[in-house]
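K.L.:
Numbering (UniProt numbering), first residue to last: 1 to 151.
These are computed hints drawn from the structure, not numbers from a lab.
Don't take every hint at face value.
[Claimed, not checked] As a list, the in silico DSS-like pairs of lysine-lysine whose alpha-carbon atoms are at most 27 Å apart: (1) Lys148 to Lys135; (2) Lys95 to Lys148; (3) Lys116 to Lys54; (4) Lys95 to Lys149; (5) Lys135 to Lys95; (6) Lys135 to Lys116; (7) Lys149 to Lys116; (8) Lys116 to Lys95.
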Amino acid sequence: MFFKHEPHIKNRYSTYKSIDFIITISEIIRKERRCFNTYENNYYLEVESGFMPKIQPLNIDLTEYDTVILGAPVWWYAFAPAMKTFLHDTDLSGKTVYPFATNGGWLGHTFQDFVKECPGAQVMQGCNIRFNEDKLLTPESDIMTWIKKIQ
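Construct all of the structure, not just a fragment, from the sequences and the given hints.
P.N.:
So, in structure tokens, the structure goes:
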């Protein structure tokens with residue numbers, strides 16, 4: 001998500017719906033999401049090998065944005081490989097990055113990886129959004145506090 005101004009909140013929860021949780025009044029660019037069978041790949045091997053899947057490029061000019069919100073699910077204590085691809089292919093230097101991660105309680109080194117993979121960017125404190133299947137475990141007040149820091 002990329003935005004310039006203030007956020008507006010929707011009350012929805014799940015790993016994929018977290019992308020919808022933060023929307024902006026001014027402008028938002030959202031990548032198309034796809035659902036997949038969680039058993040179709042060996043996610044551990046993808047994370048451990050540093051696999052970077054092909055992703056659709058963004059058709060926007062990031063020089064117009066000074067703040068970027070990045071969200072990813074946690075796979076084996078790290079962000080999903082698609083985020084690794086995005087960060088490898090995208091220059092975020094000079095930007096302020098606010099990461100959030102959705103997970104079942106095993107955040108691992110996800111936020112340290114955002115710092116490592118965003119050289120030249122100011123990576124702010126991330127928001128850990130925990131779920132137990134479709135039930136949000138992170139208090140909504142914690143998420144709201146994090147969002148208010150972005151303004």
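K.L.:
Against this structure, judge whether each hint is valid.
P.N.:
Here is how each hint holds up against the structure:
1. Lys148 to Lys135: Cα-Cα ~23 Å, so holds.
2. Lys95 to Lys148: holds, 18 Å
3. Lys116 to Lys54: The hint holds at about 21 Å.
4. Lys95 to Lys149: holds, 15 Å
5. Lys135 to Lys95: Distance ~33 Å between Lys135 and Lys95 Cα, so the pair is violated.
6. Lys135 to Lys116: Status violated; Cα separation ~31 Å.
7. Lys149 to Lys116: holds, 22 Å
8. Lys116 to Lys95: holds, 14 Å
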